[in-house]
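Please arrange chain B on chain A, whose structure you already have, making use of the hints.
Just so you know, the protein sequences line up as chains A and B, in that order. All letters in the first sequence, in the order written, are residues 24 to 406 by this note's numbering. All letters in the second sequence, in the order written, are residues 24 to 406 by this note's numbering.
For the record, the hints were derived by calculation from the structure and aren't laboratory data. The structure displayed is predicted, hence computed values, not measured ones. A couple of the hints might just be wrong.
20 Å max Cα-Cα, derived SDA-like pairs, lysine to any residue [said to hold, decoys possible]:
| id | chain 1 | residue 1 | chain 2 | residue 2 |
| --- | --- | --- | --- | --- |
| 1 | A | K25 | B | G139 |
| 2 | A | K323 | A | E302 |
| 3 | A | K25 | B | A260 |
Part of the chain A face toward chain B, derived, beta carbon under 7 Å [what the hints assert, rightly or not]:
| id | residue |
| --- | --- |
| 4 | M24 |
| 5 | A26 |
| 6 | F27 |
| 7 | T28 |
| 8 | Y29 |
| 9 | P32 |
| 10 | R34 |
| 11 | I35 |
| 12 | F37 |
| 13 | Y237 |
| 14 | A239 |
| 15 | G240 |
| 16 | Y241 |
| 17 | T248 |
| 18 | A267 |
| 19 | Q352 |
Just so it is clear, CB atoms sit at the ideal spot from N, CA and C, and this is done for glycine as well.
There are 2 protein chains.
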Amino acid sequence: MKAFTYYNPTRIEFGVGKEKNIGKYISEYGVSKVLVVYGSDRVKKSGLFDNVAKSLTEKGINYVELGGVQSNPLLSKVYEGIELAKAKGVEAVLAVGGGSVLDSSKSIATGAVYDGDVWDFFTNKAVANKALKIFDIITLAATGSEMNNFAVVTKDETKEKFSLTATSVAFPTVSVINPELQSTVTKEYLAYSASDIFAHSLDMYLTATYLPEYMAGYVENILKTVMRATEILLKDASNYEARAEFAWAATQALNFTTFCGVENNRYDTHFLEHTLSAEYNIAHGAGLSIIMPAWMKWQKNLLPERFERFATKMFDAKGADAGIEALKQWYSKIGAPVTLSEGNIPEKDIPMLVEKLLVVAKLWGAETFYTQKMITNVLENAR
Amino acid sequence: MKAFTYYNPTRIEFGVGKEKNIGKYISEYGVSKVLVVYGSDRVKKSGLFDNVAKSLTEKGINYVELGGVQSNPLLSKVYEGIELAKAKGVEAVLAVGGGSVLDSSKSIATGAVYDGDVWDFFTNKAVANKALKIFDIITLAATGSEMNNFAVVTKDETKEKFSLTATSVAFPTVSVINPELQSTVTKEYLAYSASDIFAHSLDMYLTATYLPEYMAGYVENILKTVMRATEILLKDASNYEARAEFAWAATQALNFTTFCGVENNRYDTHFLEHTLSAEYNIAHGAGLSIIMPAWMKWQKNLLPERFERFATKMFDAKGADAGIEALKQWYSKIGAPVTLSEGNIPEKDIPMLVEKLLVVAKLWGAETFYTQKMITNVLENAR
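Next up, chain A with everything else stripped away, as it sits in the complex:
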């Protein structure tokens, strides 16, 4: 295993009804005023917002609301939240929703205590090292945002979809995971979520030039859990055990446990996908299921043995190509798109997408790896 630092201070409160204790959890940290961030009105219609409001009020915590966060969350909404947080003097941000709501909340929490433009944290101009406390009730299992310090936001005008750079201040203090709250997800979004978790795992597993045996088994166990749970849930959305295991696997896939001791892992499919979902506003997970098999066909030559292991361990299949094909078929089976056209992305746009991706590659300082040839090759594989 290679040298590493592991640190993850997020406290997880997992289980049915735990959202009703959110006021208690927040008050334990001496917070008396929060900004509650959410997405659509569903959070109000479902009664979840009322439960949250009641719990906060019972503990004497005042709150201000910010609704209307959309998927592929926008910087303009983050600015709105920052203004509100400053104007009302809140001490913490409480996200009630999925990854987009939580990512927006992390951005608001860091931006609200920063004199400059929060976008600086997304463009390598500054690192966020102060933040309001962050709490969340996560209603969609996919991004893993509930147990990491990552956030992705899109700038409205330019459609640049970039990642927050923050120290540990952007880890949630407490994350509530109640699998029951996640059971209203549509079959489509469940499939996209499975694809997102796969990408978090496989971006590491299929790129690390050194992967400890322990970690290979660890990640395969996450992937198998996601496959098993997804198949159960597509047939029976009310299966609590499958829902719970899906939720926990999602959290584990991106809470840094998979990175311990691995070497030179990259984030290729996430790099390639963000421009797709920013450009066409498709679901991130849908973009990923299109990109993943296409990218694998390109990547397989770099780490052939890893791809053979993947095929054997995950699908009992022989050889890299068989493994890639099996994954592609599984995505199709669960209803996730696997070609550009299935994602309603015009194939004629490939040259434009390549240009946009080259700009991002440059920003990442990774243009020697993410070349025109590489990007074109992958997108062409997705036809």
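Chain B alone, transformed into the frame defined by chain A:
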């Protein structure tokens, strides 16, 4: 998955040479004076102590020394440490050694800021909710103490070997794991350590009345890693990768990740063993390899399907008995004792041991489960 809270704030610094940064890590938390706790003189002869002292001095951190902690650590030494910590006004405790040194350090750290007797925390009279900061450089992979808030100490006169009850204050702030520092362990102690890690995992895996599929796979991956690494290391003690994976598996086995969502897990073999090692001063891991198969023969009837799974997944064997026998043979193969006589424990002492264990059972409030019949049955199985 059942409801749970997961919280583990320990920062891990893993890798070759990381102990040379210990002064830097400690200074990041504003600490300027520490008590350095260690065991035998080996830590000085090896040059490790010098490296630590140099690193502390470079960062302007003053230190006081307390050597002489022995395995199955004694309360008298903890008292000595508490007096020293108070007299010198240290702000933190730095453990340099194995689990015994770290457990003593946790006890000192909690006792030094408590007005009463630190033994209160071991006898359910009080919960430790304040502590000096705890840092460690762990030189033996086994107990998992580097990433949890557990500690076990033996009272000199009565040989009571009890566990610390503490809040999260007893988690180490930073734990340094350099697998190279762990490579001087003898083959015997390597086997005992493997047995200890197995017990941490199996105490949960073989008792939880509900075990999520994800968690079963997670624990099996830890166990397989330990088996693979142990066999490599017994042939080649200098194999760094195996040493590193062994170390990381040891940490994962008792950092609360294995408990997430499981139901009604118990600590049977640890309960049964502590009296053995306190009474005869044998290695904890050696006591555990004696107790484990004997206890499994008793426990198998309570969870037959779990034992069948264990046999299949771990040893490709059929049926509970075959799994137990395979584990026993593996223990023998690596050099861990599997009977009382192999551990130099007189079989005639069984009635005395039963009496002592019944007293502990009562203290734990678990006498309806740990009955005379149950304890006798297990110890008889260890003949």
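> If you draw a straight line from the CA of K25 (chain A) to the CA of A260 (chain B), is it 20 Å or shorter?
Replying inline: 18 Å, holds
> Hey, does the F37 (chain A) contact hint survive, CB to chain B under 7 Å?
Replying inline: With Cβ-Cβ at 5 Å, under 7 Å, it holds.
>> Just to be careful: measuring from the Cβ of R34 (chain A) to every Cβ in chain B, is the smallest value less than 7 Å?
In response: Since the shortest Cβ distance to chain B is 4 Å, the answer is holds.
> Does the CB of Y29 (chain A) sit less than 7 Å away from some CB of chain B?
Replying inline: With Cβ-Cβ at 4 Å, under 7 Å, it holds.
> Close enough to count: is the Cβ of F27 (chain A) nearer than 7 Å to one in chain B?
Replying inline: With a minimum Cβ separation of about 5 Å from chain B (threshold 7 Å), the hint on F27 (chain A) holds.
> Any CB of chain B closer than 7 Å to the CB of Q352 (chain A)?
Replying inline: It is violated, given that the least Cβ distance between Q352 (chain A) and chain B is near 23 Å, above 7 Å.
> Straight-line Cα separation of K25 (chain A) and G139 (chain B) no greater than 20 Å?
Replying inline: Not OK: K25 (chain A) and G139 (chain B) at ~44 Å, beyond 20 Å, violated.
>> Can you verify the interface hint for A267 (chain A): is its Cβ closer than 7 Å to any Cβ in chain B?
In response: 4 Å, holds
> Would the stated hint for A239 (chain A) survive a check requiring a Cβ distance to chain B of less than 7 Å?
Replying inline: 9 Å, violated
> Holds or violated: is the Cβ of T248 (chain A) closer than 7 Å to a Cβ in chain B?
Replying inline: 4 Å, holds
>> Just to be careful: measuring from the Cβ of A26 (chain A) to every Cβ in chain B, is the smallest value less than 7 Å?
In response: Because about 3 Å separates A26 (chain A) from the closest Cβ in chain B, which is inside the 7 Å limit, the hint holds.
>> Quick check on the hint: Y241 (chain A) CB to chain B CB, less than 7 Å?
In response: 6 Å, holds
Consistency with the previously given hints fails for numbers 1, 2, 14, 19, ordered from lowest to highest.
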